[in-house]
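Here is how the chains run, residue by residue.
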Amino acid sequence: MDKYWHSVVLDNDYCNGCTNCLSRCPTQAIRVIDGKAKIMKERCIDCGECLKICHFHAKGTLSDNLEKIKNYKYKVALPCISMYGQFSAEYDIEDVFQAIYKLGFDLVYDTAYAADILTKYQNELLREPTIEKPVISTYCPAITRLIQIRYPSLIDNITRLESPMEIAARQIKKRLMTENGFAFEDIGIFYIAQCPAKITSIIQPLGLEKSYIDGGISLESIYPRLIKLIEKGERSHPEVQKASGNGVGWGMVGGQSFGLDTEKYLAVDGIEEVIRVLDKMELGKLPEIDFFEGYACVTGCSGGVLNVENPFMAKARIRMKSSNLKDYNPDDIESNLTREDLEWDVEMEARTILKLDKDFKVALEKMSRLEEIAQKLPGIDCGACGAPTCRALAEDIVMNRAQFSDCLLLGRYNRRRRKRDDNEN
Amino acid sequence: MILARDNNDVAMMKDFEVTTDDFSSAGIASSKIKKILRQIGIDSGVIRRIAIATYEAEINVAIHSYGGKIEVYIKSDRVEIFVEDTGPGIADLDLAMQKGYSTASKEIRELGFGAGMGLPNMEKCSDDFHIESEVEKYTAIKMTFNL
Numbered sequence: 499m500d501k502y503w504h505s506v507v508l509d510n511d512y513c514n515g516c517t518n519c520l521s522r523c524p525t526q527a528i529r530v531i532d533g534k535a536k537i538m539k540e541r542c543i544d545c546g547e548c549l550k551i552c553h554f555h556a557k558g559t560l561s562d563n564l565e566k567i568k569n570y571k572y573k574v575a576l577p578c579i580s581m582y583g584q585f586s587a588e589y590d591i592e593d594v595f596q597a598i599y600k601l602g603f604d605l606v607y608d609t610a611y612a613a614d615i616l617t618k619y620q621n622e623l624l625r626e627p628t629i630e631k632p633v634i635s636t637y638c639p640a641i642t643r644l645i646q647i648r649y650p651s652l653i654d655n656i657t658r659l660e661s662p663m664e665i666a667a668r669q670i671k672k673r674l675m676t677e678n679g680f681a682f683e684d685i686g687i688f689y690i691a692q693c694p695a696k697i698t699s700i701i702q703p704l705g706l707e708k709s710y711i712d713g714g715i716s717l718e719s720i721y722p723r724l725i726k727l728i729e730k731g732e733r734s735h736p737e738v739q740k741a742s743g744n745g746v747g748w749g750m751v752g753g754q755s756f757g758l759d760t761e762k763y764l765a766v767d768g769i770e771e772v773i774r775v776l777d778k779m780e781l782g783k784l785p786e787i788d789f790f791e792g793y794a795c796v797t798g799c800s801g802g803v804l805n806v807e808n809p810f811m812a813k814a815r816i817r818m819k820s821s822n823l824k825d826y827n828p829d830d831i832e833s834n835l836t837r838e839d840l841e842w843d844v845e846m847e848a849r850t851i852l853k854l855d856k857d858f859k860v861a862l863e864k865m866s867r868l869e870e871i872a873q874k875l876p877g878i879d880c881g882a883c884g885a886p887t888c889r890a891l892a893e894d895i896v897m898n899r900a901q902f903s904d905c906l907l908l909g910r911y912n913r914r915r916r917k918r919d920d921n922e923n
Numbered sequence: 133m134i135l136a137r138d139n140n141d142v143a144m145m146k147d148f149e150v151t152t153d154d155f156s157s158a159g160i161a162s163s164k165i166k167k168i169l170r171q172i173g174i175d176s177g178v179i180r181r182i183a184i185a186t187y188e189a190e191i192n193v194a195i196h197s198y199g200g201k202i203e204v205y206i207k208s209d210r211v212e213i214f215v216e217d218t219g220p221g222i223a224d225l226d227l228a229m230q231k232g233y234s235t236a237s238k239e240i241r242e243l244g245f246g247a248g249m250g251l252p253n254m255e256k257c258s259d260d261f262h263i264e265s266e267v268e269k270y271t272a273i274k275m276t277f278n279l
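Taken in sequence, the protein lines are chains A and B.
Residue numbers for the first sequence follow the working numbering, so the first one is 499 and each next one is one higher.
Residue numbers for the second sequence follow the working numbering, so the first one is 133 and each next one is one higher.
Looking at chain A on its own, in the form it has when it is part of the complex:
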């Protein structure tokens, strides 16, 4: 497999080579080459910003087909927590879960309950005197990857606890093996995903050797079938809904923090805003904050691109469903997992892909050339050359990925500058 596998992909047939996605990408991972946008795999964090902005629907996501569940004896569905916001109020969430059973699953598990388990441990963790604060949540994998690339000095602040989907999968596999005698490979656990970043996390997990989840199915791909299968009040399968209002709240921004024993939290949605806050955090300017949850998508997971419902509507529904459910009580949480089961098993590393060269001296030389070239470029970041900014083009030239002549404006710009200088003199 590739060193960097991504769920976010590009469809060449639809791309018309416009520059909309270029400037939107938070890691400057996109270049338009020969009239088609290309993603630099080592830089992509699967945030899905390019998918949201593309007017030509040229960007898509790789996910598993529902057919894949047939490869397993025992088929388990793990619907994402934002599923709580995807259907109108006439259906309750149990109706939705019952419809998911009918897609061919033997078990549907409430991922929001795994969030309840996590909240309990997160509270324990925050009480530890030695913990580095603010503790950063790993729930949004796009933000975790952003930190690996742009904020490596904050890696020590990232919580060691896994995300709800991983916790749920571990809990289920452990139970099915000990109580029902299934072999590990008989059980197929499928996450019904709200975003490509989660699907990438199944194939290439962060902080884990291997995910306990066997596949990621896009929510949007099964939604039309769910609409046909859903029936009000139907209970032909065992009931699924188990989470407290707090666990359900994880489907939207602020939900993670709500169940914590501290008010000193910061919940931020939208990748540009998250970047602003992480900049401040890196400067040590958030001294009063103990816990930080950041989301690439506006409204949190209810804003994920693989959802169907409008993000704000979905968020409102999650909020309403959450407030109708019982309060979170840590003493009620049943879990067959130990603290070790909930934590990563491999160290999270910095992704130093922004480096110009491995050798410090060479990197320095390249940097001075980059500065020199950047001075000569127009500096208006038009994107016509295929790079998101003039500085990015300068970098590409230094790295032999582009040429000076790729700048379409240079001649015109120099003429205009000469004219301006003449006038000033």
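Check before you lean on any hint, since a few could be wrong.
Here are the simulated DSS-like pairs of lysine-lysine, each with C-alpha atoms no more than 27 Å apart in a straight line [to be verified]:
hint, chain 1, residue 1, chain 2, residue 2
1, B, Lys164, A, Lys783
2, A, Lys708, A, Lys571
3, B, Lys238, A, Lys783
4, B, Lys167, A, Lys539
5, A, Lys874, B, Lys207
6, B, Lys238, A, Lys778
7, A, Lys864, B, Lys238
8, A, Lys853, B, Lys207
9, A, Lys539, B, Lys164
These aren't lab readings, by the way, just hints derived from the structure by calculation.
Source: prediction; values computed, not measured.
Starting from the structure of chain A, add chain B where the hints point.
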């Protein structure tokens, strides 16, 4: 230029103007420097210390001076940062270096600045710290960070 520069072995130099009372652009120099250092591949802990110290310097110049300049010299074994401004200067340097001491106005404190941590923070973050000042004339700082 107030403090002496050693131009030997300079791989790169960048300078930034800092204008007085301009909080919205304070932070630009530190974030640009951060980006450059990351691309050169400097250790992220060192980058963080440099970014914090430069940010504090920018804020100080914006709050207290009539305007100034930040110069960054990148050398093969160290980064040197010069912060020089014209302005009221500092009458008692020992007092100014104490944590929590600040002459910032009430308005500036309400904005969350002027907590009296700027200079101590810069000293803490850098491997070598030098400050000099003349009242009613200037303040000049040299910070060295070993790579």
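Worksheet entry | Structure-inconsistent hints, enumerated in ascending order | 7
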